[in-house]
Amino acid sequence: MLTDSGLAGKVVLVTGGSRGIGRAVVETFAAEGADVTFLFRDNKAAADEVVAAGRAAGRPIAAEQVDVRDAQACAEAVERLAERCGRIDVLVNNAGLIRDSLLGHLGEDDVRMVLETNVGGVFNVTRAVVMHMIARRAGKIINISSVAGERGGQGQTNYAASKGAINAFTRALAVELAPRRITVNAVAPGVIDTDMTRAIREGASDEVKARILLRRFGTAAEVAYAVWFLASRYADYITGEVLHVDGGFKME
Amino acid sequence: MTTSEITREEIQAVYPKAAKIMADALGCDVEQVRLDASLIEDLGAESIDFLDFVFGLERAFKVKIPRGKIMEDARGDLPEAEFEEKGHLTERGLQRLRAYLSEVPADRFRSPMRVADIPKLFTPETFCKLVARGLRATKADA
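Protein sequence lines, in the order shown, are assigned to chains H and G.
Using the numbering used here, read the first sequence as starting at 18 and increasing by one per residue.
Using the numbering used here, read the second sequence as starting at 194 and increasing by one per residue.
Just so you know, these hints were derived from the structure itself, not from any lab.
It should be emphasised that the depicted structure is a prediction, and the values quoted were computed from it without experimental measurement.
Just so you know, even glycine gets a beta-carbon here, dropped at the ideal spot from N, CA and C.
One thing to keep in mind: the hints can contain errors.
Now the stretches of chain H that chain G is said to cover, found in silico as 3 or more residues with beta-carbon under 8 Å [claimed, not checked]:
1) 94-107
2) 192-206
Cut-off 16 Å, straight-line C-alpha distance, at most; resulting in silico cross-link-like pairs (EDC-like, lysine to aspartate or glutamate) [claimed, not checked]:
3) G:K313 to G:E251
4) G:K255 to H:E100
5) G:K255 to H:E96
Sequences are here, hints too, so could you generate the full structure?
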């Protein structure tokens, strides 16, 4: 009987935790009794709500306003967390955004913003966190990728490139950190019912669902369960994997 | 004060704690971390081990050891093109390196010396010196 995930009391850092998948991850870990801190960029009201909901449920959650594109700010936030909690056990790199458009219509800013957040942000936060994990010879890193990282999707060159990079980053870092017993994995969601995918879901709902074997969109909680699994002790022997949580999504 | 040679006393002052940190990173006994051991050839250090104990040293001694600091300090004011050429140290580059890594026994320097092989020269004393320099800088700032 599997009952103890081993996550109670673990120090967990989640980026982009105020909404969507990030929030579901934060709440799932907090419910396990983990000591969760999340970063958010600009939605203070949403972040406050997550913290307040945690407090109401007797699960303290901490939040810090940090733009993951800012390497210095990331390093400082990670140091504060390590100082306060003495260690960092789990990192969930979730912060990400989309700026979908045909390549010919993509502005320089659409490309830069997506790559700097989705890829640069992962570098910024992970670089700061791994030092603490290396020192303790323990840690679990879970990167939120996307189905777009492996399958083509119209209007998603920037986003797809960023998520393909995350899959490659995950595998390379898994090799690098294996000697220190740190695992690195990714979760690749399909179309999940969050603010980020509203345009996709509302724009061509039936068309998109027709390509999903399970014929429905996923929920943020369903992605969070996969993250929970990879962070739990049940996944101690898994590293360098990209776990697809997409209902069997098939793109053209 | 900060530019003169690091003294034996300064090295001995940091060595016990530094050796413990290096032994932890290398997964070896602290007795094996002799001041003159080659970290790579004698103690089997890999690049992640360097990353590990440099971070440990920085935290334990509250000093900064920037990446690439050894090469940068060894090169000093010598222009990069005069320090190395096509992956090998120039004669002058080698002289600078010998002078900077004065703790490393002379017979460990090869000529020609590949830049990629320089880390093989590093010893625990090399890093004790870096820590001692960092401590001097901290004192100077205070």
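Any of the earlier hints contradicted here, and which numbers? 1, 3
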